[in-house]
Each structure stands twice: as structure tokens, then as C-alpha cells.
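**Q** The primary structure of each chain is shown beneath.
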Amino acid sequence: MEAGMVTPAPALVRFSGIQKTYDGEHLVVKNLDLDIRKGEFITLLGPSGSGKTTTLMMLAGFEVPTQGEIYLAGRPIKNMPPHKRDIGMVFQNYALFPHLTIAENIAFPLSVRKIGKADAQERVNAALRMIKMETMAHRRPGQLSGGQQQRVALARALVFNPQLVLMDEPLGALDKRLREQMQLEIKQLHETMGITVVYVTHDQSEALTMSDRIAVFNNGIVHQIDKPAALYEHPVNSFVAHFIGENNVLSGTVETVDKDYCRVALAGGGAVTARTVNVSGAGTSTSLSVRPERITIVPGGASSDGPNRLPATVQNTIYLGDHALAVLDVSGNAEFMVKLQPGAHDSLTHGADVFVTFRPEDCLALDPV
Amino acid sequence: MTDASLTGADARTEVPLKRRLRRAERARQVKALALVLPLLVFLLFTFAGPIAGMLWRAVDDREVRQVLPQTVAALADWDGKDLPNEDAFAALASDILAARAAGTIATAAKRLNYALNGFRTILTSTARNLKAAPERGAAKETLGKINAAWRERATWTTIKDAGGPLTGFYLLSALDLTRNVDGAIIAAPPDQAIYREVFTRTFVISLSVTVLCLMLGFPVAYLLATLPPARSNLLMIFVLLPFWTSLLVRTCAWIVLLQSKGVVNDSLLWLGIIDQPLRLIYNRFGVCVAMTHVLLPFMILPLYSSMKAISPAYMRAAASLGAPPLTAFLRIYLPQTLPGIGAGSLLVFILALGYYITPALVGGAADQMISYFIALYTTETANWGLASALGAVLLLATLLLALVYGKLVQGQQVTGGMKN
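Same order as they appear, the protein sequences are chains A and B.
Quick note on our numbering: the first sequence kicks off at 1 and runs consecutively.
Quick note on our numbering: the second sequence kicks off at 1 and runs consecutively.
Please note that a few of the clues may not be correct.
[What the hints assert, rightly or not] Not the full set, but computed from the structure, chain A residues with beta-carbon under 8 angstroms of chain B: (1) P82; (2) H83; (3) I87; (4) F91; (5) N93; (6) A95; (7) H99; (8) F108; (9) R113; (10) R156; (11) F160; (12) Y261.
FYI, nobody ran anything at the bench for these hints, they're computed from the structure.
Beta carbons: idealized from backbone N, C-alpha and C, even for Gly.
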């Protein structure tokens, strides 16, 4: 930690130099250092096989790190069995016990903790009220819909007031509308109860909607940990830029680097000015990243000129209700997307020659893909 | 379009729709029936038929009626309080003479001897000594002279009881009961009362074997369900291998292992653990060991299939909710294997009830199960009535148990599983 920095609240969870391998040949998690603060909603985001679920399982105690240590509230927990960790967990397929009723499922963590009957009953009732399922207390999990089962799983993981709640792709099995509704409900629970949540998903929009911070995983490495807006606006490398949100890629070679900005000669012809984020210096190759909504289309022959003005050919337009997309051929990238206001796509005909412009600060020079 | 008009249309078409549905379904039903017909016919001839035949033989009693028809008819009105009248004696004499001529006297003698020991001698001696039909009115005296037993009331009640065409005699015998001279049901004399003990023994041995199978099979099934596929397949082959070996071979293998000069005793002697061979076979121990071995796969396979359906996520969920491993096992895992435990136990128990060869080969005289006696009466003494009655009692007891099991399972049926 740098001198002079204000020490933040101590981390509730600290991963310190964690490595994990299953076969002794490949590391699934390579040297993970991660702090999780009390009360925060942190999402581990990444494609499948990126190590995010393994990380969660190590925290829950179902997998043992090959190397490194995990601290929970300052105590090392690497060798602590899962049932002593006091961590609530919501599983992908809910894992509600099929032979117990809803009320019995929710009461289970209380009864194994030998909490008195009356107290337990009260807490179960409160939990049922919280998920608005008081009337279904005596049903069995098999009689519930997916969304209801998910709520019960959530109540069961929260009823014993764990210091940490883990969620392993809990909404993966729900349809889109229900998933969005549950996202808001979980977020609301997090805010009202002040619980610390570690959430695993491969769905970037889910991560952006719910999280305080997101850790982007790929190939066992955390590429970036940041607030959703920062991840979107300031990705540190091409992987993060690609994984979060829509993104147009142009490859080129760095000509000159001038402090925050650099001039890049595009492989498909033309040159643009871009914000320097992750380039090795003049003469090296780079991938430029531009978000579709930061681009303007100007008709061919228009006089406006700027540092980033590239000729383009209209390939296609797609109407999407609240907005429209134009697919263009720009400097060798035939799938260059531009987001438009609905209706604005009418004037663009297939094969029309236009120009695209974007501000240098919206164009990021990243590591080559 | 309004709701009312829609309902109206429904009401109009309801009846024809149902009929159309039935017609459409009928073709499929006929096809389905045609497919299962061969099996149905097969089962009817090999299963339902023999069982019905067996149940019928348990109450069928027509031998005496066929050999001594006039006697049976004459005894029909007899109140059984005193010796029958002269007509009955005359009818008996006439029947005996006819039976002697036809050579059927032994059939009746055998049946009557079941009910009253020594009846065979009474009947055959009478048949031998009765030269001709006695004079009118002298039948009583003549027969009484030939054999004093004809002056006993019991002799005559025996014939009346055996007069058929249906009888409860065999079923009563199978339960160690009999009728006294006045027709009341009483306990059989101790020298004939063996079946209750045999039934008890059969149930005790079956229960012991079931418990042993459950205790040994549960961990194996758990391993099978949780090991990685390659190793669990290998283990499955080891479980099934004895399944493919003849029952006789497996039982004989136990004789080789357990006899006093067998592998087990020799090893224990050599290791100095025992001084003289243990008696491991031709007793209850040997029967239980061999039967448990033979029946183990029937326990393991249902257990395995019920355990295979339990997602490992349940145990993880239990652990994450704070349950130590033993609590998680007892409260989450075990209850979900109950259907498998029930199915396996019922299967093993019912199969064990009918065991015959294994106890016969590795058991002592006091370890023979009910099937041994059924086989004895069918093959050795040809007492089909008693054999069938024993079978019927066994069938009834088994059905009752299956019924109880069905009720128990229905009471705590687990609805649904994990949604995926």
C-alpha cells in the first residue's frame, strides 16, 4: 500500500496469492489477489472456464486453494470446513431440499445452529414475509416455479444472518423478464439488509445492473476490478473492453505517442488520434476500441473535419425499437456498428458512402488482440 | 367475438368432441393392447394360472368324495353328536367294496390319514377283511367287528370333514390348527405343530438377511454413486459379476470357504486366532452369510439408482447452511435415499422368503425355510393340499407386507426434484 494513502475499511474477505489447479498442469486461478469490503456487492464476471466459479467455491470451502490464503474477517480460512465459515450460499439450481417443505428448508440453517423453536419460527416467518411467500410455507420445492424456488433459496441463505452471501449464477435458469425482476429484488435486499454479496455471473448486463464493483476474470486472471461505469468507460485492456458492452475494433500501428494521446495508422488505411491506455510505444501494433454510441455518421462530402474522420460504406441497418444500428465497413472492419436514434437509419441505404467521426477521448488504444 | 358465443359453441360441440376423442384413442388403445398381448398371455399361463391352481388346491378336497360317495352322502345329514346310523355303515361297506374293486382305496386312505393318523390301516384292514356286503341291518356290527375304530365317533367325523368338496383342513394345518371331534378349531397336537415355527424362522432369516444386505449394500451403493465414472463402472462390474454366476455355484463356493476344513477356518487356525475349527456352516450363520451374498445386488442396485438421483449440490448446500457432515447426511442425504432403501429391502425380503436351495445346502435341520417344506410336500409325499396351503399362507403374508410398504411409501412420497 502506498504511503500517504488513507487506509480504507479493512477487507471482509482477502484473497492473497491464491492459485488453484485441478490436474497439476494447468492453473485455473493464477495468482489471485482480491479484497472484498464489508457491505459491498461484488460480482465475479467472466466467460465460462475463467476461474470465477472456482474462486467462489474456494471462498465457500468446497475447493481448497493449491497455494495462497483466504482471510475472512481477518482469520485464515483455507483449512476451515464449509459448515464453520458462516457463509450463506445460493446455488445455480437452487438446491432446495426436495423432501422438506419451504418452511423447513428455510428453518434448516437455524435448526442446525440449535436456535430455539419460537425464535426460529419467528425468523422463518420474517424470511417468508420478505420473499412474499407466507402462503406457500407448507409446499414442497417441486411445487414451486423457478422464480419462487429462487426466492426460497435466497431466504434460506439469508435467514441465519451470515457475514457473507455467495451467489453462483443464481438467475441462470430463469427467463429474461423474471431474471430482470429478480436482479432488482436481490439488489434491493442487499441495500436494505446491508449484507455483503459475492455474485458470480457470465452475463455482463446483470453484472452492470447489480454490482458495486465488478472483477473481470479471464483465463484465471483478474483483468480489472472497478465500478461498473469505470469498467465501461475506462477498460484497461482489450479483453475488458470486449467483454463489457458493445465495442468496435480497429487494428493499427502506433505512429507517435504524445502524453495521453497517440496517433495510430490503421491497417485498413487512414489514421486516427486515440487515448493512450495500453500501448507499448511508437511502432507497436494496437487495437482501437470505440463504443457504437460514441460515433456519428456524417454524409459523404460534408465539410466537417476532425482528427478522427474515416470513410465508411453502409452494409446494413437494424431496427431495434428503442434504437437502431447501422453496420458499416470501416477501414477493413465490415462489422463496424454505430448506434442511431430510431428513424435515423431510414436515410442510410445499402452501399451508400458516408463518413464516421468520433472524439479522440472516445477512442481507446489498447493491447492488440 | 364475445365470451357467451364461445361458450355456446363449446356446449354444442361437446358431446361429439368427446366421442371423437374416444374414437381416436380407441385405435391407439387397441394397438397398445396388441403389443402387450403376448406377454399378458404368457403371464396368464405361467403366473396367474399356477397361482390360481395352487390356491385352489389348498381348499380342494374331493378324493374321499370320489372314493366313498355313498358314505359322504349318508353322512351329510349326520349331526356328529353320536355314531352315525346303520345306513351310513351300509353305505361305507358298499363304498369300500366298490373302491377295492376299482383299486382306489389308497387315494382315500392317504387323504384320511392326513387328518387322523392310522386311518390308512383302518381303511385297508377293513377293505381286506370285508369279504362281502354285510346283511341288511348288520353293517354296523360287521364293521365294528373288523375294526374297533368304526365304533369311534372321531373316525366318522374325520370322514365327514374330508367329504369336501371344499375344506379348510390344509389351511388350518398350515397354521398349526385343527378341528376337534366336535368341529371346533383348536391348536394342533405339539408333534404336528411345526409350521408356525417354520414361518417365524422364515421371516426371521429373511429379516436378518435384509438388514445385513442394507448395512453392507449402503456404503457400496454410495461409492458407486459418488466415484468418478471410470472407477464406479469397474465397481459396478464387481457388483454384477456374482449376479451372472449361478446361484448353485455361489452357494457351493461358500461351502468350500466355510466348512470346518475350509479356507476361513484354515486361515484362522494358521494365524493362531482359534484352536479348533469354528462351526461356520450348516447352521444359521452359514445360511445368513450365503443368502446375504446372493441377494446383495438386489439391495445395491435400487439404492444406487436412488442415490444417483441425489445431486451433490444438496450436500454442499447443507454444509454452506452450517450442517456438519454427519448432520447433513442424516437430515438431507438419508431421507432422500428412503425410497431406494424401501425398494431394496422389500425386494431382498420377498426374494429371501422364497429361498430354498441355499438354506438346503448350507443350513442345518433347524434352518430350513418354508419353501423346503413346500418342496417336501410336493415332491416327496405328494401332499399337494398342504403344500398349496403353506404356499397360500406365505403368499398372503407377503402381499400384506407389500401392502404395508406401499402405504408407508405413499405417506411420505417426495414430490419433484431439482429443477434444471
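**Q** The structure should be examined with respect to each hint, and the outcome stated for every one.
**A** Now the hints, each set against the structure:
1. Of the supplied interface hints, the one on P82/A holds, with its beta-carbon coming within about 4 angstroms of a beta-carbon of chain B, less than 8 angstroms.
2. Here the hint on H83/A is kept, as its CB sits about 5 angstroms from the closest CB of chain B, short of 8 angstroms.
3. The interface hint given for I87/A holds, since its Cβ lies 6 angstroms from the closest Cβ of chain B, which is under the 8 angstroms cut-off.
4. Below 8 angstroms, beta-carbon pairs count as interface contacts, and F91/A has one with chain B at about 5 angstroms; its hint therefore holds.
5. With 8 angstroms as the threshold, the beta carbon of N93/A comes within range of chain B, its nearest partner Cβ sitting at about 5 angstroms, so the hint holds.
6. Contact between A95/A and chain B, as hinted, is supported at the beta carbon level, the nearest pair being about 4 angstroms apart and thus within 8 angstroms.
7. Taken as an interface hint, H99/A checks out: its beta carbon lies about 5 angstroms from the nearest beta carbon of chain B, inside 8 angstroms.
8. Hint status for F108/A: holds, given a least beta-carbon distance of 6 angstroms to chain B, under 8 angstroms.
9. A hinted interface residue such as R113/A counts as satisfied when its beta carbon comes closer than 8 angstroms to some beta carbon of chain B; here the least separation is about 6 angstroms, so the hint holds.
10. Taking 8 angstroms as the C-beta contact cut-off toward chain B, the hint placing R156/A at the interface holds, the least distance being around 7 angstroms.
11. Of the supplied interface hints, the one on F160/A holds, with its beta-carbon coming within about 7 angstroms of a beta-carbon of chain B, less than 8 angstroms.
12. The interface hint given for Y261/A is broken, as the beta carbon of that residue sits about 50 angstroms from the closest beta carbon of chain B, more than 8 angstroms.
In terms of the numbered hints stated before, the structure departs from hint 12 and from no other.
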